[in-house]
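From just these sequences and the hints, can you work out the full model?
There are 2 protein chains.
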Amino acid sequence: MNQHAPSREMFEARLRQIGDDRYHDKHPFHHLLHSGGCNEDQVRAWVINRYYYQSRIPMKDAAFLSRVEDHNLRRIWRSRIEDHDGTTAGTGGIERWLKLAEGVGLDPDYVASAKGVLPATRFAVDAYVRFVRDQPLLPAVASSLTELFAPKIHKDRIAGLLEHYEFANSDTISYFQHRLTEAPKDVAFGLGWVLDHAVSQADQDAAARALTFKTEVLWAQLDALYSAYVAPARIPPGAWHPTEGLL
Amino acid sequence: MNQHAPSREMFEARLRQIGDDRYHDKHPFHHLLHSGGCNEDQVRAWVINRYYYQSRIPMKDAAFLSRVEDHNLRRIWRSRIEDHDGTTAGTGGIERWLKLAEGVGLDPDYVASAKGVLPATRFAVDAYVRFVRDQPLLPAVASSLTELFAPKIHKDRIAGLLEHYEFANSDTISYFQHRLTEAPKDVAFGLGWVLDHAVSQADQDAAARALTFKTEVLWAQLDALYSAYVAPARIPPGAWHPTEGLL
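Just so you know, the sequences run in chain order Z and S. Heads up, the first sequence is in our numbering, so the first residue is 1 and it goes up one at a time. Heads up, the second sequence is in our numbering, so the first residue is 1001 and it goes up one at a time.
Hints in this document: simulated from the structure, not taken from any laboratory. Heads up, a few of these hints could be off.
[Unchecked claim] If you want the ones that stay clear, here's a sample from chain S, every Cβ over 12 Å from chain Z, calculated:
| no. | residue |
| --- | --- |
| 1 | 1171 |
| 2 | 1223 |
| 3 | 1233 |
| 4 | 1245 |
[Stated by the list, open to error] Cβ pair distances, simulated, as ranges:
| no. | chain 1 | residue 1 | chain 2 | residue 2 | range |
| --- | --- | --- | --- | --- | --- |
| 5 | S | 1134 | Z | 181 | 32 to 38 Å |
| 6 | Z | 114 | S | 1238 | 46 to 52 Å |
| 7 | S | 1088 | Z | 113 | 33 to 39 Å |
| 8 | Z | 79 | S | 1234 | 41 to 47 Å |
| 9 | S | 1233 | Z | 195 | 57 to 63 Å |
| 10 | Z | 185 | S | 1090 | 18 to 24 Å |
| 11 | S | 1031 | Z | 205 | 39 to 45 Å |
| 12 | Z | 235 | S | 1099 | 57 to 63 Å |
| 13 | S | 1134 | Z | 243 | 35 to 41 Å |
| 14 | S | 1088 | Z | 205 | 32 to 38 Å |
| 15 | Z | 136 | S | 1162 | 41 to 47 Å |
[Unchecked claim] Covered by chain Z, per the in silico footprint, the following chain S stretches (three or more residues, Cβ under 8 Å):
| no. | segment |
| --- | --- |
| 16 | 1050-1060 |
| 17 | 1146-1160 |
Every residue, glycine too, gets a C-beta built ideally from N, C-alpha and C.
If you want it as structure tokens, here you go:
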């Protein structure tokens, strides 16, 4: 019986395969969005719901920090929070997302209020924050590795939005431009950490499960969006209606 | 029946009275330390145990961040983590505390390992981290307001250490020098936030209880230290023994 865990290379390939199989770049909503097939309301619904995910990422990263005993690891991980929350008022990824919100004709205060966010979006995102707060550090870090697959989707998105939508310009889509440099820095560290720390078969399995879980968190948000806002649209009670929150 | 909460001024005076009555500057261990009455072993025991408190403060602040939905509040609060964890390797309050550890003849790796920390210190500090993670934001912020009383104890400590102990110099006690500017900045924000948000009598009571709880967390650590290392010393099983962790 082989007691050894598969090699570092095989383990990394296993993680990357999860992205090939399950990352949300394959979701029909993204095909619609990037190909210019979304109408104004659908773009707005995406901006509103995705805001909730963005807004919880620094809380997720702070929950991680709160469990890390090594101040050097905390200091490195902290840059993720800085990327999203900014270093001075008006900077950071969350503010850039609110610029996108304005660009698509939404009142940024409405979007920031997180009113109208789909319950299924909240459930998925909150499950992610809870996962990182409650699970051991290895799966908590592994769940961030969807960033391995993010640069491609961001490039596709930047190209698709610029080509197909009037609202898209360097100002409104600056969130994605920044992520092109932020995400690779984060994931280089996160992947190295996971490969270093997943020493047993059980560790590798736990890391793979965590990454799979995270792909589910992302996919579920798009399913909810599609169900609510793509024909035949079924907007759940209390969720954003296209007449609300406009500038 | 008066339904109004006491004025902002009366509430602030109530909070300050808690410090006058219960802050750990009144603990006999601090009198001993600041007056030159501690022997080398007692100073080392203090450095080892207080390190555990220092090391958990950024985790406590991250636990707070993880529950804050307002990215502007998160960004302001984040500076506390930066003060302790630093902005580059080798900077920050935790590294400065390890300089103090070296200065008193302790192996900084031993101190950073948190081996030998008194169980009662762990229990008190862990109770604080848990409090901030689990309580509503108002008591969580209020529990930080012992910093209102910190500048005086830091000044007394700097003067007392420099006067009475050979190890004390600007390098070894730089932790306290930095706190003289960091703590007032933090507490000015924290106090304003608590005064603004404690609008009802019940809110003010909860904030006062939280601050009282925090004074208990600090006091209990010194009681444990006194019991273990001041004559008649009763070092609990597993706790630091004066022959361990030396340079």
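### Query
Which of the listed hints are not met by the structure?
9, 11, 17
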